[in-house]
Amino acid sequence: MKLFHLNEYISHTIVEIEKEILLDNIHPLSEPKKLQDLTQFVKEINKIILYLNQKNKVAQSFNANIAHELKTPLTELKANLEYFLYYTTLDNNLSSEIQNFIKKINNLENIISQMLYVSNNNIKKLNNTMQRVLLNDIVYKVVETKEKNILEKSLDLEIIINQAVSIHGHKELLQHAISNIIDNAIKYSYKNSRIKIILKVKNDSIYFIVKDKGIGIGKKDLKLIFHPYYRGENALSNNDGYGLGLSLATWIFELHSATIKIRSSKGKGTLILVKFFTS
Numbered sequence: 001m002k003l004f005h006l007n008e009y010i011s012h013t014i015v016e017i018e019k020e021i022l023l024d025n026i027h028p029l030s031e032p033k034k035l036q037d038l039t040q041f042v043k044e045i046n047k048i049i050l051y052l053n054q055k056n057k058v059a060q061s062f063n064a065n066i067a068h069e070l071k072t073p074l075t076e077l078k079a080n081l082e083y084f085l086y087y088t089t090l091d092n093n094l095s096s097e098i099q100n101f102i103k104k105i106n107n108l109e110n111i112i113s114q115m116l117y118v119s120n121n122n123i124k125k126l127n128n129t130m131q132r133v134l135l136n137d138i139v140y141k142v143v144e145t146k147e148k149n150i151l152e153k154s155l156d157l158e159i160i161i162n163q164a165v166s167i168h169g170h171k172e173l174l175q176h177a178i179s180n181i182i183d184n185a186i187k188y189s190y191k192n193s194r195i196k197i198i199l200k201v202k203n204d205s206i207y208f209i210v211k212d213k214g215i216g217i218g219k220k221d222l223k224l225i226f227h228p229y230y231r232g233e234n235a236l237s238n239n240d241g242y243g244l245g246l247s248l249a250t251w252i253f254e255l256h257s258a259t260i261k262i263r264s265s266k267g268k269g270t271l272i273l274v275k276f277f278t279s
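With this note's numbering, the residue at position 80 of the sequence shown is 80, and numbering never jumps.
Hints are computed from structural coordinates only; laboratory data are not their basis. Since the model is a prediction, treat every value here as computed from it, not as a measurement. We treat Cβ as the ideally placed atom computed from N, Cα and C, and that holds for glycine. You can take every hint at face value.
Quick list of in silico lysine-lysine cross-link-like pairs, BS3-like style, CA-CA up to 25 Å:
hint, residue 1, residue 2
1, Lys-261, Lys-146
2, Lys-104, Lys-146
3, Lys-220, Lys-266
4, Lys-220, Lys-187
5, Lys-141, Lys-211
6, Lys-148, Lys-191
7, Lys-266, Lys-191
8, Lys-268, Lys-187
9, Lys-268, Lys-219
10, Lys-104, Lys-148
11, Lys-196, Lys-223
12, Lys-213, Lys-223
13, Lys-211, Lys-146
14, Lys-146, Lys-78
15, Lys-196, Lys-146
16, Lys-266, Lys-211
17, Lys-200, Lys-213
18, Lys-196, Lys-268
19, Lys-268, Lys-146
20, Lys-200, Lys-211
Restraint-style ranges between C-beta atoms, simulated for each label pair:
hint, residue 1, residue 2, range
21, Met-130, Asp-91, 49 to 59 Å
22, Leu-50, Asn-162, 49 to 59 Å
23, Arg-194, Leu-74, 30 to 40 Å
24, Leu-94, Lys-141, 33 to 43 Å
25, Ser-96, Asp-204, 49 to 59 Å
Hey, can you work out the whole structure from these sequences and the hints?
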């Protein structure tokens, strides 16, 4: 009988903790009434939970403070570089170098904005800004912003959307996450290759699929690809990111009760599948 109650208690606890992880606020475990022998064990677990919650709050505060401290000097540096670029006479090599510096600053500003957004928001705040969002519009809008990059690499982009697809969500966050997935497909595709984007509804679920025939991801990197700030072998040869993009995109999809899976083969390409559950 004790084993039955123990299994019931553990199953219920796991479900509750999974929900609370998304809230960035894990509550202490309740002591099981029919399992007095576990009381001391639960108290020890609660000490660990308290430590983790405190550590998470410190990390969020640290990220926010660092982001704020970096934002102002970067803005000033960018303004000075743009002044030299547009209002002084420079040789071609120096002009090109300054443009590259400005591009790197833009990337840093983007990562700082991401850090601030994650630090300053929690799921309760975000829920208040959610509404019905048409995913079709987001996909087409993102692709439109990437047209220059698509043309530069002579990519063949195929979009398959056969019906209006909407979910209850946060439009700006979803746009950011979808943009990251499509941007990676473009960035790591071979020139003159094909990218396929699919948005469809099947069996009460919504599927957003991006498939490319690019350089792919190695097995070692694939295991760590969702970790914040992790940059794999492919990313190290490309200076346009700092390793937070896919991790943040995953967080956004999970916020919308979606799952994300990646299949990839080095030298052959990558397939990313995001599955939303319709309400």
